[in-house]
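Student: First to last, the protein sequences are chains A and B. The number in this note's numbering is simply the position in the first sequence, starting from 1, with 1258 added. The number in this note's numbering is simply the position in the second sequence, starting from 1, with 1435 added.
Worth flagging that the hints you see were computed from the coordinates, not collected in a lab. Idealized CB from N, CA, C, for every residue including glycine. Some clues are possibly wrong.
Here are the simulated SDA-like pairs of lysine to any residue, each with C-alpha atoms no more than 20 Å apart in a straight line [stated by the list, open to error]: (1) Lys-1561(B) x Glu-1464(A); (2) Lys-1750(B) x Ala-1724(B); (3) Lys-1561(B) x Ser-1467(A); (4) Lys-1598(B) x Pro-1364(A); (5) Lys-1444(A) x Glu-1557(B); (6) Lys-1659(B) x Cys-1696(B); (7) Lys-1692(B) x Val-1682(B); (8) Lys-1630(B) x Ser-1559(B); (9) Lys-1756(B) x Gly-1739(B); (10) Lys-1561(B) x Glu-1442(A); (11) Lys-1444(A) x Cys-1751(B); (12) Lys-1359(A) x Asn-1660(B); (13) Lys-1793(B) x Gly-1739(B).
Have a look at the derived ranges for each label pair, beta carbon to beta carbon [said to hold, decoys possible]: (14) Ser-1356(A) x Val-1711(B): 49 to 57 Å; (15) His-1542(B) x Val-1411(A): 47 to 55 Å; (16) Ile-1508(B) x Leu-1426(A): 35 to 43 Å; (17) Ser-1500(B) x Asp-1362(A): 24 to 32 Å; (18) Lys-1691(B) x Asp-1362(A): 54 to 62 Å; (19) Gln-1698(B) x Met-1341(A): 50 to 58 Å; (20) Ser-1694(B) x Asp-1471(A): 53 to 61 Å; (21) His-1542(B) x Pro-1325(A): 53 to 61 Å.
Some chain A residues judged to face chain B by a derived CB distance under 7 Å, without partners named [unchecked claim]: (22) Ile-1309; (23) Glu-1333; (24) Asn-1334.
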Amino acid sequence: MSGSSRRDFLKTSALIGAGITGLSISSAKAAPKNILSENRMGVLVDTTVCIGCRQCEWACKEAHDLPAGNIASYENREVFYNMRRPSENALTVVNQYSAGKGSDLPVDVKVQCMHCDHPACVSACIVGALSKEENGSVIWDTDKCIGCRYCMVACPFQIPAFQYNKALDPKIMKCDFCFERTKEGKLPACVEICPVEALTYGPRTELISIAKDRIKRDPDRYIDHIYGEKEAGGTAWMYLGNQEFAKLDFPEPGDKPAVGVSESIQHGIFAYFVPPVSLYALLGGIMWINKHRKSSDEEEK
Amino acid sequence: MMKNILTLILFFALYVSLIAQQSPKKNYSKLNINCKTCHTCDVPTKTDPCLVTCPRDKMTTVYQSADKTPETIVLDQLVNSYGPVYFPHKAHAQMAEMGGGCESCHHHNTSGPILKCSSCHETSRKRGDIGIPDLKAAYHRLCIDCHREWSHNVSCNTCHVPKKDLKNVKDEKAQKKYYSKNYPIILEPSKIVFKTNYEKGNLVTFYHNEHNNKFGLTCTSCHKNESCATCHDLSKNSNTKEKTITVTKSNSDNHKKCSSCHQIENNCSMCHQDKVAEPFNHGKQTGWALNRFHINLSCAACHGEKLPYKKLDTKCISCHKNWNNETFKHSITGLQLNEIHSQLSCEDCHTNNNYSAKTTCNGCHDNYSFPKQVPGKIVGKLN
């Protein structure tokens, strides 16, 4: 009796398993848009050139319909006393650090989404709301987003922010590489306003060769490292600096795409549905043993 | 026969033309001349050799002296929400002479005429060659690094006048005045005490202004390749006439500035002392106090340019070689000689050419003495 029921249970679970595997294959066909174009664009941020005027912060808010305030108020240097992070109200911020080699001037670092070549957020998004576009930008579809905030956890640079204080329709907020502006042929707002062109917008491959050229021509000014060339598998935004990037609060995500981490966790949990099936099988087994023991106990009585 | 001659002539003509084509040409690329001396572009071709304009002595080059450069340059190519920038060129050129010279701004310029910034830096940010910054960035990068060193801010209004404010300041003169409010005062300390780690005398007192005046020095005599903020700094109090600096730089760096004029080897005590030194006093240090005329002279005026200075005696005639009773205006000593005395020779009263000693009247007069009796009229303070 019990033998046949176990066979039945295994049969059903195998059927369910096969069904779900089939489902997961079909959903893989509707995987998020994740294009890695040859001609994808990028931005080279030269932190040795940046003067910390914070006009990019203002321009970014203007371009994204966030309350920006008066541009003159951005001349305030006191904000540099505290380290700031991009938030739902400011998609990019500039922080100031002490001087590096070859200069007595402080170093200013603009922080925003790095627009990874292998974005972990895109991979982590369970509804495919995030996508890596052909022009290199990582953008998200507010209509699809369900607010699970997996992207926030997945991001190796801790960039996506969430409108926590919005009760209705809160959104994930992050730099979108001015997707709408660049589509119209305009430059990203921050690149356009930068008075010293610390931000250079162009094809990523060209930017890398420009960066290498700058390091070669002026080895006293730069350290021999392009942050973002290889970090997290490569990013669209890349940085030049005159001191170790760890000192400038840049994370060290390693050269492998962060996707590997988040996907291995997610895929590890659900890989071919074996772990869940085996878990249920184990639980089922325990249940069956317990039940069997109970009934044999009763029989003994 | 004729055919043979013709063939010979033909061969000769061919040979000559071949030789002519192969005539040795100077290979300029192998000569020890910078390509940019004659060519303005990186890759001169036969069709476009991009030669510089000549004659070179009639054009403005990067080897120009600062004083010969334009006073002001109006930068108005990118006028947008701000008015044109009136750039005080000569003042900056003079400052540049303390460092990299003209080429600190006119970089990558040929030795030919000064190129416009816009000949390399494009006016649009959306452009083909993103390796070179655009014009706006090029201007700002040149200015802002020095300017924020001393101003400690990156405010646009330091150099730019918003167009809406321009209505009130129409003429150039008024505009210049508008800018001058932002000029930093040159911090010229009169006295600097250096705290050093030299055991036998850790204090070096340097009288900055005195040194400049006495030795006829200009800023560039000592200050080269320094941060602008050394002399200009808005955050520092301009009234600080005295300051103390704890020396941290290496030994040779510290001595370099002094040793260019002073013999410093085995002469440490000249500068290194236990206490803060008094300013130089000619009377105390040499035993011959300077009068009101000598005090205003530079050291070199009497002692000559060459260091160490030659010692002088106290005789006036040693320096004032052309002085005699006719050329010397005695009234500047405060005593105007009367007609009789003015015809005497100097030594008649000032015996042994010693003008600091008491004069004698005994040569002519009995029982006369100065200043009891005066050989003329007192017209000022005697000295």
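Student: Against the earlier hints, flag every one the structure doesn't satisfy and list their numbers going up.
Tutor: As far as the earlier hints go, 4, 8, 11, 13, 14, 16, 18, 20, 21 and 24 are violated by this structure, in ascending order.
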